[in-house]
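Residue strings, one per chain:
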Amino acid sequence: MSAVRLPRSPKVLVGAGVVAFFVVLTVVGPWLAPDDPSATNFTANLRPSSSHWLGTTALGQDIFSQLLVGARATMIVAIVAGVVATMLSVTIGVAAGYLGGKPDEGLSLLSNVFLAIPGLPLLIVIDSYLPASGRSNSFVIGLIISLTGWAWGARVLRAQTMSLRNRDFVEAARIIGESRLRIMMFEIAPNLLPVLASSLLFTILYSIGAYVTLAYVGLTSTAVWNWGTMLYWAQANNAPLANQWWWFVPPGVCIALIGTGLALMNFGIDEFINPRLRSAGLSGRVRRSSGLPRRPRLGFTPVARSFAPSTLSSNTLSSNALSSNALSSNALSSSATANSGVR
Amino acid sequence: MEETVTTDVVVTESDTVLDIEDFCVDYGWGASAVRAVNHVNLSVRRSRVLGVAGESGSGKSTLVYAATRLLRSPGVISGGRVTLTFDDPTSVDAKRRTVDLLTASQSDLREIRWSQVSIVLQSALNALNPVLRIGHEFDEVLKTHRPGMKKAQRRERAGELLALVGLNADRLARFPHELSGGQRQRIMIALALALDPQLVIMDEPTTALDVVTQREIVNELAQLRARFGFSMIFITHDLSLLVELADDIAVMYAGNVVEWAPAGDLYNTPRHPYTLGLLNSSPPLSGERRELVGITGSPPDMSQPIAGCSFHARCPFALEKCSSQVPELRVLDDSGRKVACWLHDTPAEVPVALRRRAGEVVDDHAPPHEEEALR
Chain A
6 MSAVRLPRSP
16 KVLVGAGVVA
26 FFVVLTVVGP
36 WLAPDDPSAT
46 NFTANLRPSS
56 SHWLGTTALG
66 QDIFSQLLVG
76 ARATMIVAIV
86 AGVVATMLSV
96 TIGVAAGYLG
106 GKPDEGLSLL
116 SNVFLAIPGL
126 PLLIVIDSYL
136 PASGRSNSFV
146 IGLIISLTGW
156 AWGARVLRAQ
166 TMSLRNRDFV
176 EAARIIGESR
186 LRIMMFEIAP
196 NLLPVLASSL
206 LFTILYSIGA
216 YVTLAYVGLT
226 STAVWNWGTM
236 LYWAQANNAP
246 LANQWWWFVP
256 PGVCIALIGT
266 GLALMNFGID
276 EFINPRLRSA
286 GLSGRVRRSS
296 GLPRRPRLGF
306 TPVARSFAPS
316 TLSSNTLSSN
326 ALSSNALSSN
336 ALSSSATANS
346 GVR
Chain B
14 MEETVTTDVV
24 VTESDTVLDI
34 EDFCVDYGWG
44 ASAVRAVNHV
54 NLSVRRSRVL
64 GVAGESGSGK
74 STLVYAATRL
84 LRSPGVISGG
94 RVTLTFDDPT
104 SVDAKRRTVD
114 LLTASQSDLR
124 EIRWSQVSIV
134 LQSALNALNP
144 VLRIGHEFDE
154 VLKTHRPGMK
164 KAQRRERAGE
174 LLALVGLNAD
184 RLARFPHELS
194 GGQRQRIMIA
204 LALALDPQLV
214 IMDEPTTALD
224 VVTQREIVNE
234 LAQLRARFGF
244 SMIFITHDLS
254 LLVELADDIA
264 VMYAGNVVEW
274 APAGDLYNTP
284 RHPYTLGLLN
294 SSPPLSGERR
304 ELVGITGSPP
314 DMSQPIAGCS
324 FHARCPFALE
334 KCSSQVPELR
344 VLDDSGRKVA
354 CWLHDTPAEV
364 PVALRRRAGE
374 VVDDHAPPHE
384 EEALR
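Protein chains in written order, with this note's numbering: chain A, 6 to 348; chain B, 14 to 388.
The shape of chain A in the complex, shown without the other chains:
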């Protein structure tokens, strides 16, 4: 048995595969792109073909190149915003939950305010004040999106921290004189990892949505290619009306795929939160064929008579010892039927 067991359910593997694919695309996408995404030197409105895999735009740009180049900005913004927002929510949520009293009131008020403000209008307002250099910088945009995305995570982490802070191991750490910062970082935070990971995934998902929306309404620099600007240009050139599906469907599909991948990965985090959900890595099919339930139910221990334990089937005993082992277990069961138990 290895110390760290990765989730092996097919859902999680598919999700991780999809997300990994897009992360790789972020790195290599711009190099793979066959053409300059902004170059307008092709015939306009070409359908997908072998020379232009996803066709061309009304301006004669290669859509496949736009998609590949656009992956980078989209993913960078999403990851920057996801990581920063999660860091903010941990800091604020754990501090509020652990410190309690006045600090809690202040920090809770802050997160409530950010929860109550509608995220998108706030983003639009902040964004419209940005200088042009800021609008074209993925990191700046990511930071701004993170501002509107941390509050929900902070509320959840605050509640979790409050339930942890009175546990014996935290009280023991307080009594032996660990500093507050150390308790928050090393005693409490590791317990929040499952929640944190799932909050990170959903914040990334939110950030993709927010960035694409901003770009779609034209609030990011049109010089930076991302999937939102592709949709913006498609809309501006009436692609949906002209039935030029190859223009607006690919970015939409990519966004949906990443969302699905992240959500599938979240199932794996479920299994981490509750290790009992992990069923020794057996697939649903194997479990069904051996008469085991797909999900363990509390108070209903499964009965699987067909399963032979590994101690008898695969072992390092000599054949001599093995046969005597089998013999004695046979003898035991026959004596059991004759005697039916110890009386």
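I should point out that these hints are in silico values taken from the structure, not numbers from a laboratory.
What you are looking at is a predicted structure, and each value in this text was computed from that prediction instead of being measured.
What follows is a list of derived Cβ distance ranges for each label pair:
#1 B/G307 <-> A/V29: 56 to 66 angstroms
#2 A/Q240 <-> B/N139: 50 to 60 angstroms
#3 A/R185 <-> B/E304: 49 to 59 angstroms
#4 A/P199 <-> B/N139: 14 to 24 angstroms
#5 A/T96 <-> B/N139: 29 to 39 angstroms
Some residues of chain A that are not near chain B, with every Cβ distance over 10 angstroms (derived):
#6 A25
#7 A164
#8 V175
With the C-beta cut set under 7 angstroms, the calculated list includes, among others, these residues of chain A facing chain B:
#9 G304
#10 F305
#11 T306
#12 P307
#13 V308
#14 A309
Ideal placement from N, C-alpha and C gives every residue a C-beta, glycine not left out.
Dock chain B against chain A, hints included.
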């Protein structure tokens, strides 16, 4: 209580409540499965107490939890038969019913649990809901299982149950944190008895308590058992405590029952080296002081196949064949006690410590008489 108190329960030898036959339990499935309970045969007689003893990790709790289908994932029952026999209060002629717990449906189990089989867990603090008053816990179970009872009747019954375990009825209005550990454990016992079950399982109910409280609770349990005639499975690692309460004791080691005997016999004249080791490592409650000897080594790694007797590596009397051949649990003499040990194959070579007769020990660590325990 409406029913008359019976102090003398008629017991016939074949009258068993819980019958465990050739029972196997694994943790995990397939290639990674670890066998935690290995072909165990045990039965609990009506109105008697079966003690299950052994070190931590010997499979005693796994055995009992799996037999009642309470074992959590990744536990899997991989073979055997468990039957529960009880008087069905719902049938007209109060016929005795036998249910196979391993094939029972979830609704059958739901009906049987608490009303026929109840359990007292080790940690009473975790078992009681901290935000509910004690009275609420009683009210809830009575409301569910005795729908005919009125609110005042339920309250009265809860008060009676508390009185049974020596607590005042005003405790019903308290929260769990307002009570001491002993009081909480008593409440757990009272709750377990709320529906007059025929079998009560005690999973180390006194381990977290001091010896004085422990003694009080064990005495109370013995009294309650004599009064209501329920059977009990008492799981503990404390053999000297078990002798006070149990009628029969099964000693478990590495998932196997290595010795089964009437309590007094097992305590005075242990026949398995492991039982002897367990007895020598705890002080006797009465009698002279003697040197305590621990068992060297630690329990085997169950994920590795064990050749021969599972205890041979720690056994001071191990023979050559102990490391290659598995001893089976066999009847030792006409008293019906059983032991799984090769030493008893050749009576002449049995070590002195394992062949003493009861008379030879001059009250060294004799248990109190059963009457005393029951009084």
